[in-house]
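Participant: These are the residues of each chain, in order.
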Amino acid sequence: MAPDAHKAIAELLASQEDHVLREWLRQLKEDGTLDSGRIRENEQAVQCTQILRQLRQGAQGGTVDLSNAAYEPLRDTLADLSRSRALQGFTPRETAMLVLSLKEVLFDALARQHPDDATFLAKATNQIGLLLDRLGLHTMEVFQQSREELIVRQQQEISELSTPVIKLWDRVLALPLIGTLDSQRTQVVMENLLESIVQQGAEIAIIDITGVPTVDTLTAQHLLKTVAAARLMGADCIISGIRPQIAQTMVHLGVELTVVSKATLADAFALALARQGRAVVKVRPAAPAADAART
Amino acid sequence: MDRIPILKLGNALLVTIQVDMHDRLATALEEDLTARIVSAGARGVLIDISALEVVDSFIGRMLDNIAAVSRILDADTVVVGMRPAVAITLVELGLSLTGVKTALNVERGMSMISGLGRLAALDADDDGE
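Going down the list, the sequences are from chains F and V. So in the numbering used here, the last one in the first sequence is 295, and the numbering has no gaps at all. So in the numbering used here, the last one in the second sequence is 1129, and the numbering has no gaps at all.
No lab work stands behind these hints: they were computed from the structure. Just so you know, even glycine gets a beta-carbon here, dropped at the ideal spot from N, CA and C. Careful: at least some of the hints might be erroneous.
As the list claims (entries may be wrong) - Computed list of chain F residues with no C-beta within reach of chain V, every gap over 12 Å:
1. Leu25
2. Gln47
3. Ala70
4. Phe120
5. Arg171
6. Leu194
7. Glu203
8. Leu224
9. Ala235
10. Thr258
Claimed, not checked - Pairs of lysine-lysine residues, derived as DSSO-like cross-links and limited to a Cα-Cα distance of at most 27 Å, are as follows:
11. Lys7(F) with Lys167(F)
12. Lys1008(V) with Lys1101(V)
13. Lys1101(V) with Lys167(F)
14. Lys7(F) with Lys103(F)
15. Lys225(F) with Lys1008(V)
16. Lys225(F) with Lys103(F)
To be verified - Here are some of the chain F residues that sit facing chain V, going by a computed Cβ distance under 7 Å:
17. Val188
18. Met190
19. Glu195
20. Gly201
21. Lys225
22. Ala228
23. Ala229
24. Arg231
25. Pro244
26. Ile246
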């Protein structure tokens, strides 16, 4: 008799679904998937029931080939499950074990159902093994993919978060840079700054590099590029916030910033106001702290 | 269109580039402008490139040349209205047009030319450098 693994699975799941499900859940529990507290027992049971039902549907399609249309609901379910697990922070092992632990359970049940037919058992086991391996791979692939999407999205968010352009005063912009300046970020920074210069009609842009951990020749080059582009748009740049150690390193490296630079953002702002013919003056004596809080 | 019109505004010349520049047009503009600076006795040249979406290294160099020539003829060149994308392209091409003055729009460019003497005096005082 030709080994029909799909028939075997379909029969097995039809007659012993409860048993298989129970065994599977026991396995998962032993494996410690519930220990992390990320998923509740009955939630997992619902997921497993659905997987088993769709596996049976797939097997009834008359094949063990996972790419067959009969397995599409199962593939979709696993993909959704895997994606949500990736986002919830499950480990890869926990996610993979969900599918792979089913293998042992199915083998046991199959062996009990056909105790005498060793040839059939070997072939069916082999095919079921392949099917489940592919399911496992599929799950992991989606898992990995979701993680990567997450990382890419976070990278984008970080780069957008860390390059805000602030309007300090009429026609004065500030650009506090945070984090290392690589060529990709320079591009984003430059675009943001130039767009803001057009929108706000800015004349002076202060680039504050207090949050830039290191300034090497490459970073300096990127800064100068940004300054040059802003100048082409008709805005002058002032660089501020170079820390003492960084200033020393820059001199040792021979990095030269051929732009006006000030020690602090406050100094740069004062210079910007002075260039516009403005100044900050004190109009009355400073109030005591208590008074200031009340008014 | 063979020639880009050059308008005289007071003691300044205004050039508005509204078509895509090709190389012959650029060369013609350079020649016309040089002649006009002398004949009109202009002290400033305002080049408005706000309609220019594409620049190449040739146009970039042309702007640099015009600035250099007009400096010799005692006129200041101000390039106004450059688009962000154009600015980035020029910087990536390594052309930062160091000899050219820039302004955000024609209005500011104009006040820059008319107030250049005054501005220079102010700068010396307030730079804080």
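Participant: Min Cβ distance, Gly201(F) to chain V: is it shorter than 7 Å?
Facilitator: Constraint on Gly201(F) satisfied, holds at 6 Å.
Participant: For Leu25(F), which was marked as not at the interface, is the minimum beta-carbon distance to chain V over 12 Å?
Facilitator: Given that every Cβ of chain V is farther than 12 Å from that of Leu25(F), nearest at about 59 Å, it holds.
Participant: Hey, does the Met190(F) contact hint survive, CB to chain V under 7 Å?
Facilitator: holds, 6 Å
Participant: Beyond 12 Å from every Cβ of chain V: is that where the Cβ of Ala70(F) lies?
Facilitator: Ala70(F) is indeed farther than 12 Å from all Cβ atoms of chain V, at 52 Å.
Participant: Could you grab the alpha-carbon distance between Lys1101(V) and Lys167(F) and see if it respects the 27 Å cut-off?
Facilitator: With Cα atoms ~24 Å apart, Lys1101(V) and Lys167(F) stay inside 27 Å; holds.
Participant: Given the hinted pair Lys7(F) and Lys167(F), is their alpha-carbon gap at most 27 Å?
Facilitator: violated, 70 Å
Participant: Just checking, Thr258(F) versus chain V, shortest CB gap more than 12 Å?
Facilitator: The claim is violated: Thr258(F) sits with its nearest Cβ about 10 Å from chain V, within 12 Å.
Participant: Are all C-beta atoms of chain V more than 12 Å from that of Gln47(F)?
Facilitator: holds, 50 Å
Participant: Given the hint that Lys225(F) pairs with Lys103(F), does the C-alpha gap stay at or below 27 Å?
Facilitator: violated, 59 Å
Participant: Over 12 Å to the closest beta carbon of chain V is the bar; see if Glu203(F) clears it.
Facilitator: Its Cβ does come within 12 Å of chain V, the nearest being 7 Å, so this is violated.
Participant: The hint names Ala228(F) as touching chain V; please verify it with the least Cβ-Cβ distance against 7 Å.
Facilitator: holds, 4 Å
Participant: Taking 12 Å as the cut and beta carbons as the points, is Leu194(F) off the interface with chain V?
Facilitator: Non-interface label on Leu194(F) violated, nearest chain V Cβ at 3 Å vs cutoff 12 Å.
Hints 5, 6, 7, 8, 9, 10, 11, 15, 16, 17, 25, 26 from the list above are not met by this structure, while the remaining hints are.
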